[in-house]
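Chains as they are written, first to last, in the working numbering: chain S, 1 to 418; chain E, 1001 to 1418; chain H, 2001 to 2418; chain U, 3001 to 3418.
Treat the hints as calculated values from the structure; they're not laboratory data. None of the values given here were measured: they were computed from a predicted structure. All C-beta atoms, glycine included, are put in the ideal place defined by N, C-alpha and C. Don't take every hint at face value.
Restraint ranges, calculated between C-beta atoms of paired labels, are given here [to be verified]:
hint	chain 1	residue 1	chain 2	residue 2	range
1	S	Lys81	E	Asn1234	53 to 63 Å
2	S	Thr260	U	Gly3221	45 to 55 Å
3	H	Thr2265	U	Asn3222	50 to 60 Å
4	H	Ala2336	S	Ile271	31 to 41 Å
5	E	Glu1335	S	Lys77	27 to 37 Å
What follows is each chain in one-letter form.
Number of protein chains: 4
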Amino acid sequence: TRFEASQSFHHAPFLAIEAQTSHHDLLALKWPAPPRNILCIRKDDDDQVHSALLEYITHIKRDYPETNLIFEPYLAKQLHKIFDFPIYTVSEDDSNVPYHEKADLTTTLGGDGTILHAASLFATATSVPPMLSFSMGTLGFLGEWKFKDYKRAFREVYVSGHPSPLPERIGNEVTDGGSGPRVTTDASAWANIKGKSMGASRSSRVLMRNRLRIGIFDSDGNRLPHEPPFAHANNKCEDIFALNEVLLHRGALPHLAHITILIGTPPHQRILTTAIADGFLVSTPTGSTAYSLSSGGCIVHPLVSSLLLTPICPRSLSFRPVVLPANTPVTLRIEAENRGKEIEVSVDGVRRKEGLKAGMEVRVVGEEVRTPGAPGARDWMGGVPSIVRSGGAADGEDHWVGGLNGLLKFNYPFGEDG
Amino acid sequence: TRFEASQSFHHAPFLAIEAQTSHHDLLALKWPAPPRNILCIRKDDDDQVHSALLEYITHIKRDYPETNLIFEPYLAKQLHKIFDFPIYTVSEDDSNVPYHEKADLTTTLGGDGTILHAASLFATATSVPPMLSFSMGTLGFLGEWKFKDYKRAFREVYVSGHPSPLPERIGNEVTDGGSGPRVTTDASAWANIKGKSMGASRSSRVLMRNRLRIGIFDSDGNRLPHEPPFAHANNKCEDIFALNEVLLHRGALPHLAHITILIGTPPHQRILTTAIADGFLVSTPTGSTAYSLSSGGCIVHPLVSSLLLTPICPRSLSFRPVVLPANTPVTLRIEAENRGKEIEVSVDGVRRKEGLKAGMEVRVVGEEVRTPGAPGARDWMGGVPSIVRSGGAADGEDHWVGGLNGLLKFNYPFGEDG
Amino acid sequence: TRFEASQSFHHAPFLAIEAQTSHHDLLALKWPAPPRNILCIRKDDDDQVHSALLEYITHIKRDYPETNLIFEPYLAKQLHKIFDFPIYTVSEDDSNVPYHEKADLTTTLGGDGTILHAASLFATATSVPPMLSFSMGTLGFLGEWKFKDYKRAFREVYVSGHPSPLPERIGNEVTDGGSGPRVTTDASAWANIKGKSMGASRSSRVLMRNRLRIGIFDSDGNRLPHEPPFAHANNKCEDIFALNEVLLHRGALPHLAHITILIGTPPHQRILTTAIADGFLVSTPTGSTAYSLSSGGCIVHPLVSSLLLTPICPRSLSFRPVVLPANTPVTLRIEAENRGKEIEVSVDGVRRKEGLKAGMEVRVVGEEVRTPGAPGARDWMGGVPSIVRSGGAADGEDHWVGGLNGLLKFNYPFGEDG
Amino acid sequence: TRFEASQSFHHAPFLAIEAQTSHHDLLALKWPAPPRNILCIRKDDDDQVHSALLEYITHIKRDYPETNLIFEPYLAKQLHKIFDFPIYTVSEDDSNVPYHEKADLTTTLGGDGTILHAASLFATATSVPPMLSFSMGTLGFLGEWKFKDYKRAFREVYVSGHPSPLPERIGNEVTDGGSGPRVTTDASAWANIKGKSMGASRSSRVLMRNRLRIGIFDSDGNRLPHEPPFAHANNKCEDIFALNEVLLHRGALPHLAHITILIGTPPHQRILTTAIADGFLVSTPTGSTAYSLSSGGCIVHPLVSSLLLTPICPRSLSFRPVVLPANTPVTLRIEAENRGKEIEVSVDGVRRKEGLKAGMEVRVVGEEVRTPGAPGARDWMGGVPSIVRSGGAADGEDHWVGGLNGLLKFNYPFGEDG
Ligand SMILES: NC(=O)C1=CN([C@@H]2O[C@H](COP(=O)(O)OP(=O)(O)OC[C@H]3O[C@@H](n4cnc5c(N)ncnc54)[C@H](O)[C@@H]3O)[C@@H](O)[C@H]2O)C=CC1
Ligand SMILES: NC(=O)C1=CN([C@@H]2O[C@H](COP(=O)(O)OP(=O)(O)OC[C@H]3O[C@@H](n4cnc5c(N)ncnc54)[C@H](O)[C@@H]3O)[C@@H](O)[C@H]2O)C=CC1
Ligand SMILES: NC(=O)C1=CN([C@@H]2O[C@H](COP(=O)(O)OP(=O)(O)OC[C@H]3O[C@@H](n4cnc5c(N)ncnc54)[C@H](O)[C@@H]3O)[C@@H](O)[C@H]2O)C=CC1
Ligand SMILES: NC(=O)C1=CN([C@@H]2O[C@H](COP(=O)(O)OP(=O)(O)OC[C@H]3O[C@@H](n4cnc5c(N)ncnc54)[C@H](O)[C@@H]3O)[C@@H](O)[C@H]2O)C=CC1
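Please model the complete structure; the sequences and the hints are all you need to start from.
Here it is, written out as structure tokens:
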């Protein structure tokens, strides 16, 4: 059968993301060998997105025949009926999903929500493969490409870091061995790309988005399990990582939640304050343009290594959003005053089925994306490597300013024509 | 039996609340005859409050023996086991509660929540009896008195508007007829108060809090029923009145709600905007220091005849709270984009069990508390007449400024001792 | 000479602005007789505006030959060299400008600043003639018309309240008497309008903008004079009226100002708070979309009878904008802590040359625009009657919602095309 | 003469500020030898502060006789009349003030303003000596000690990093050589401290506050000089460093300023937006609790390596404070629309006498306080090393949380007793 389990292949982790000089805050993507295993995530329940996916799959398999395409199980089932090349997925038992051991590259088709979902599949991984995101209609804020540019985008990413101009392709001699994906560590695989040479390849630029590490604890200090899509079946009590934020919220009952915020780790832990509020957010800089923004938080550039504390509708005149160093341990403790009802906890827009009771805690700390090695030797563990748009006004590191202005309508001028 | 139904008595509505000159924005309470039927509401599940209630009841019945004390049914059941004077309540069938036809005065023991609950019992009444509120511990914002002042407070209210200094009382000749409360329209009843004369009586001051009139409609424009405590069994589709606000909210699912706000009535209705947000509030000025404040709304004095529109966590950089004339009809329409889930609706902190689906509408307009009669002849229909604290720094109309500073810690100074 | 002093004519005040039913919050303009004396104010130093003014003048004098055109002295001097009909102005001594005794109608060409300037010429008048405003480029927020619509606009205003459809005009028999404007109280003057009949006339709609009454006092409680354009030479210590706001500000030195805000009049005056801030604003609802908005104030509909207190950069976490009833007396007192420097005071964007020293006070109260007469008999003294745009989406009372969305970009949607 | 010029002595820069494990974000102060030259800055025009200074000087010279005390020239002149030991200052020509070449330690007596002034004396230095601050009355936010603790504080700082417990002092054998300060590189000088041994010395903790590097440019791109106290006579066009912020402001005229904000350096520079506002702030995290806070900025921990962009009263609904990486070059350009008037520029509360005209630019970038050396070898150039309070609840890194709660009244609870 072409519908194969995932055990049979390995991924070739991108080893060399390096700082670049001209755009010093973004990194350059350098594959040691072409990416082989491409995880494809798409938005659900959207016909336009689905058609786009089919077109995308067809293109990739034709022009990059050595790649293997991986999908979430429910989607793999659907697709292997349509295509006659192998469709990969992870183990059928979808509560145990080691995507990060398989995928070299993730591509998403949808919006910001799809990117968040894709990231949630790597919620227990400290090393996440690069992510290339496409959106159908209007762009989102998380650095996606327009779907219409998918051919150029994929090619740029595929050859990123390739040492020299690509030779003309000779023919379509590459075939799928039929026996599951094979690890290619040989950079000569780049020679097999269909189509004209693109001349000297430029490196794709990568924004390392740091995440939040999150643990949930009962009132005795024992870890509580996380739920899918974040948690794996056999490892439910690990910390998980969030790309936007963790949210505590009063939920459906319109009464104030009481949440105490502590900073540091015992014995240096100290109470910052008790929020009496609708809820409380701990966000990444990436999440600063999501829920935190709506709650009145300021906009923090994704390269500021920090955590945001933003209350939601605090019953106070004197609460102000706070930005802390990313490495600050933050504890959110559910107070006894919560009228016996549970406080709901959500990560990146996904609510945990079980709420939290008095005494329980959410413990959070920001991921550090720059390991303390010598500059050349850093290996940039941690973070979600997001491939930013290239070309045009949105090029390179400017994409963030472009997003503020074009999408968020930052400081939009008054007046008739706007 | 001493536990009697409410049918047997009538109330003597306070007819003459008049504008006062020195405190021109508050009204003076003038009973044509002493108030007879006192509705007593207390906070639940609080032993301290319960003891206070017993002390309060004992005092009132001893010093003001001609008054009748009315309670909510569940409480009346408890109390008539304790006391040997008649305990009144409304019809056992608590879904049909015509408190406003019975009570001359409402007194509350608890906090702001208890006041809101008391007001909800008059949610279909356009004429609400005056409300005298006591709090146990720290004061709330809605103008309550400290419980320790209850004797002075009750007396001041009881004699408010009495034409002349009260005579010394002769003896304890007043007895309860035993046959249920009797309507006293005779001002001479004032002579029966126990204790020394208080000298020339001063009028209690009343802040008329205007409310919101709220109707809920299905997508065909038909009225939907309200739920208790607001709605009566036989009249569920009437509009109800809120003292603080009506809230639409995403509820437990952490996804944005889409709510369109329209202003005016057809054919002059016009879309103000579509809020994509956690929720949306329409508040009274009274409610401006409640949920609206937490959501970033400004503080509006309760005498500014207005409505506040305040979004909750809007996904927008350019939403700003808006204050409209009280008589502006505002419609909140649930949009189709709400992902098939229901939007929750709450009034004054009480959530309606059934949420709202796409196409449904909440229609709101502020209550006008000043009828357009000639100044002397105005009868101040509408609004909840709240008896404000007297004495000391909190006297008269200053109570609002006092509340801002003392309770809300408005513009609290920086510094060590602050 | 055609350049005449203003003494020779009188104005026919619009007597009957009446509430209208369909747009119940706007009033209908009803002239007892056609307006005769038109005060024309234009923005300075703008060639496009100047050309427009010439075109406008020519049109008015040709089609409404019985009107008299009045200008500010400096402009009148320029214009009477160009035109061969009489150009009126007020007394040369421009520090004594009783425009409100002369003008029946004010028209402005420019932006919001021009409207503010026109209003400042009536800063000591309690009865202000209606104002019709045109803007050249993009519209402003204060309800102006596009200049391209000036013919329709002027005609609509001119005939507003005329009892019946206007007859066809017979010929151009009307001439200027040459002897200065003559008071026409005769409604038959309407018959003299050039051009086709417009059919049944509709009334122009008027938004009465309430203003702030402002007095400045030294530390002994003596009134201090106001300066031009607000104050008249012979009457400098009167209160003046502001359309947007009065501003106290630290001025050029970057140190905090200390300003105490008191509410009420002695002996019921009470300290609200001491603002330690860059400055402090007391605004009208009209001004809520001007400086107050920039300082974080909420948006208040011009028909909410209120005052806004908005601090500018307060050194406090717990300051929140406050909305008070229009009739609240507010005192701003300069504290001794201001390091010996003066606090600057500005009205509607015009700074008073002399600043305020410690102990000085600005006393403010909102204008009440609805006199307490019986509904039919109200004469709507007070306020600046602004003629709102008619036609199209901006029609009638909707102009405010239109302004929020079209000009202020209220709740502007996120996304690429915006 | 005892009033000596500064040329004769050198300073022994603290070489080893090291990261500490238990309070990992603060550094440990380790002198290679005791600090010799102490710069003493005090608040002006405050008798209480002056008396405290005299007491402080007397104590230091008695118990630490080998130290040299340095003052600003005007103060040195006063003091050398009072004391009979040498009083040092910098060159009389106070426009050339190389304090950073002289002082080993700065101590300040006053408030936050005094600390800012002390920092301004090092505005062109990239290596600033540690700063120990005392306040008289209520504490400020910048980490000062209470003056009453000055003996303990000074001793703790003086011995910080001393390898072993200090021996009992033998006698008062240490005398001032009388010939001007002598460089002691010998750690044995620690033995000379008067008083009992303090047992094992603990290191003082240092918070490195990163600053802003600021240059001002004319419209041709030429540097403009800075003014005292920041700039030196012979080096006026250097960049200067600010501890709180640089401010552009409309100044005294109440009209909007137009300032364009650009990010990056050419050719990667990009327009972020044009602020139409009262002014614009670029702040350090330290400055986030100063002016930026008043303008609505969020609170950023001083260890988040970042820059804050905060508009002051922007005429926009959609401006939101922005936090950028410290190393982001930010340019503020004065636009032509500023009505011909100058825009005022201030640094840390000191206004530059000359304002900026259209086309001029302020260029800003954050100081990087962590040099990229290997962890052990880092030398922490840059930043102002602020010695944080020790002892009690304010100990160590908690001082920041303590300041938020105790001084700023962060999230101050509602209710009567506060
Ligand atoms: N009131 C609010 O603003 C709420 C915001 N959210 C946010 O939505 C996220 C989940 O997204 P969806 O599943 O798509 O939910 P959704 O369908 O409710 O949409 C959330 C919106 O936020 C945008 N968004 C998500 N992440 C963003 C980012 N980092 N920067 C800028 N925009 C971003 C999306 O494009 C979408 O427009 C959560 O992580 C939370 O941050 C969730 C609930 C309420
Ligand atoms: N995030 C927030 O600020 C939320 C506020 N609320 C408010 O709570 C009200 C219901 O009150 P409870 O049943 O006691 O709920 P609750 O127990 O959740 O307490 C609400 C708090 O608001 C205070 N409060 C209520 N009305 C007030 C007013 N008009 N002015 C100033 N303070 C006021 C109460 O004293 C109490 O401290 C709702 O009408 C809503 O306004 C409800 C949910 C969330
Ligand atoms: N930071 C700010 O927002 C500042 C605002 N102002 C405002 O400017 C007014 C003076 O106007 P100009 O002489 O034209 O000064 P200006 O040339 O500085 O422009 C002020 C801007 O505010 C607009 N504006 C004025 N009144 C308005 C209103 N009621 N609603 C909405 N927009 C309004 C004008 O159209 C213009 O865009 C003052 O009364 C004050 O309210 C003045 C200084 C600073
Ligand atoms: N509206 C406002 O909030 C204004 C604030 N300022 C601030 O004042 C600073 C100059 O200080 P002074 O000469 O003492 O002027 P000042 O006498 O006007 O006082 C400024 C206040 O800010 C406090 N402060 C200064 N730096 C601080 C910081 N980093 N964190 C917390 N609080 C701080 C001071 O303790 C003082 O209470 C400027 O750098 C600027 O940040 C200056 C003008 C207006």
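- prompt: Should the hint that Lys81 of chain S and Asn1234 of chain E are 53 to 63 Å apart at their CB atoms be regarded as holding?
  reply: holds, 60 Å
C-beta pair Glu1335 of chain E, Lys77 of chain S: status relative to the range 27 to 37 Å that was hinted: holds, 34 Å
field: Distance restraint hint 50 to 60 Å, applied to the beta-carbon atoms of Thr2265 of chain H and Asn3222 of chain U
entry: Check passed, 58 Å falls within 50 to 60 Å.
query: Does the hinted range 45 to 55 Å hold for Thr260 of chain S and Gly3221 of chain U at CB?
result: 53 Å Cβ-Cβ, so the 45 to 55 Å window holds.
task: Return holds or violated for the Cβ distance of Ala2336 of chain H and Ile271 of chain S against the range 31 to 41 Å.
output: For Ile271 of chain S against Ala2336 of chain H, whose Cβ atoms are near 38 Å apart, the range 31 to 41 Å holds.
Violated hints: none; the structure is consistent with every hint.
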